[in-house]
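J.: Residues per chain, in single letters:
2 protein chains.
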Amino acid sequence: MNIILASTSTLYGGQYLEYLKPQLIELFEGITEIIFIPFARPGGISHNDYTQKAKEFFATININVKDLHEFDDKVEAVNSAQGFFTGGGNTFLLVKTLHEFGLMKILKDNIESGKPYLGCSAGSNIGGVNMKTTNDMPIVYPSSFDCMELVHFNINPHYLDPNPEIKHNGETRETRIKEFLTQNDIKVVGLREGNWIRRIGNRVTTEGSELTRIFEKGKEPYEVESGTEL
Amino acid sequence: MNIILASTSTLYGGQYLEYLKPQLIELFEGITEIIFIPFARPGGISHNDYTQKAKEFFATININVKDLHEFDDKVEAVNSAQGFFTGGGNTFLLVKTLHEFGLMKILKDNIESGKPYLGCSAGSNIGGVNMKTTNDMPIVYPSSFDCMELVHFNINPHYLDPNPEIKHNGETRETRIKEFLTQNDIKVVGLREGNWIRRIGNRVTTEGSELTRIFEKGKEPYEVESGTEL
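Chains as they are written, first to last, in full-length UniProt numbering: chain A, 1 to 230; chain B, 1 to 230.
Be careful, since some hints might not be right.
Derived pair list, reagent style DSBU-like, types lysine-lysine, alpha-carbon separation capped at 35 Å [unchecked claim]:
1. A:K217 - B:K55
2. A:K74 - A:K167
3. B:K178 - A:K108
4. A:K167 - A:K178
Each pair of labels, with its calculated beta carbon distance range [claimed, not checked]:
5. B:H152 - A:K55: 58 to 66 Å
6. A:T205 - B:I200: 54 to 62 Å
7. B:Y141 - A:F101: 16 to 24 Å
8. A:E229 - B:K219: 45 to 53 Å
Treat the hints as calculated values from the structure; they're not laboratory data.
Yeah, the Cβ is synthetic: ideal placement off N, Cα and C, and Gly gets one too.
Same shape as in the complex, but just chain A (with noise of 0.2 Å):
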């Protein structure tokens, strides 16, 4: 596999795509043209104008972007790609589109046959094994929370500290996934952002300018840094 899944698209202050730039031409070497999933995005903006966001980006290394959505048959659209982008958005609508076109595992086959494939927040939380540890609101109904387990593992993207100032009683983003580890035996990785996870091959590495928070059941949180296995 040659893989991607990134906390973000978009650094605080920064352009779309911009901070992984050199990593989606290593990526996308040999490729000139992939599709683009758009389907977490619930509104705001259109699919076509998010598709126009992502083709402006890789315009840029030379990589034409064809939206799935304008597809009519749209598993042979993904069977005939040379590779992949699924955006950010909402988890829910991405997870419950995907299943409903029945695009899940046609996606993760032609993943794993080798087409590289760049998630970015919602489209790296289908990279994990489900969706049970999105931090997006549940605004429709999935038929399953499955996804296509890329790795190992859950995946929580745009991975926040607890700030002790807030005078809220929410919970923090860490008791969140503490809960999870209470109903599912599922190693997560708290991605921060800048971070992202890159797998060639079989080796499953965590990247970036930040430490990465792993959470297993039974066992005190850790760090890891950029570039270790896991």
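Go by the hints and put chain B onto chain A.
T.: Just chain B now, with coordinates in the frame of chain A:
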């Protein structure tokens, strides 16, 4: 109906349920015993310890508390109860458990017959039309997101205003609720901590120390004062 749906059980720096005490004396007037529904609590403290916390508070207003978890026949326990309190925790776990025990409809029927109900946080979410505006992490998969619809809108507990200083790319609460409205046509009441919904008979009002933010499809969000009928 005679219900309170509160944003939170505990204000910052305060004691459990203390800020609601005068309201709870009124809500549960003439009641000597209530059933506590602890199913939202995923871990950290056990159901028994959690019930103990509720027991201690309610003892100060001369109400005995029984834990629904301890009854073999939970349907009979709900049907025989004088009143109810559902505490906070994880809404997915609460809704999954209530549906599994066949209790969502039974509880609704008992509350609609006039028995007093207090919900806090996740316990307030289940008073809405569905749980699609919870803030919680989807750590388990419920058989349905449908809730009791004790009021004809959804609740977003612990409502948080956007913080312009946060250098983080996760969605704000307002963005999430607007995303919900792209997929659903149900009013959402953003309940800041310190606020609650009060229903007496057919009269539904927003109460508490803060303004309440209302979200409706096709409208700009707006604020209403304590005492406003919804």
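J.: Take the hints in turn and mark each one as holding or not.
T.: So, going through the hints one by one against the coordinates:
Between A:K217 and B:K55 the CA atoms are separated by roughly 31 Å; this keeps the pair inside 35 Å, and the hint holds. Between A:K74 and A:K167 the CA atoms are separated by roughly 47 Å; this puts the pair beyond 35 Å, and the hint is violated. Distance hint between B:K178 and A:K108 is fulfilled; the C-alpha atoms sit about 31 Å from each other, no more than 35 Å. The hinted pair formed by A:K167 and A:K178 meets the criterion: a straight-line CA distance of about 21 Å does not exceed 35 Å.
Roughly 43 Å separates the CB atoms of B:H152 and A:K55, a value that falls outside the hinted 58 to 66 Å. For the pair A:T205 and B:I200, the beta carbons lie near 59 Å from each other, so the given range of 54 to 62 Å is met. Distance hint for B:Y141 and A:F101: a CB-CB separation of about 20 Å, consistent with the stated range 16 to 24 Å. Between A:E229 and B:K219, the C-beta spacing of about 51 Å keeps the proposed range 45 to 53 Å intact.
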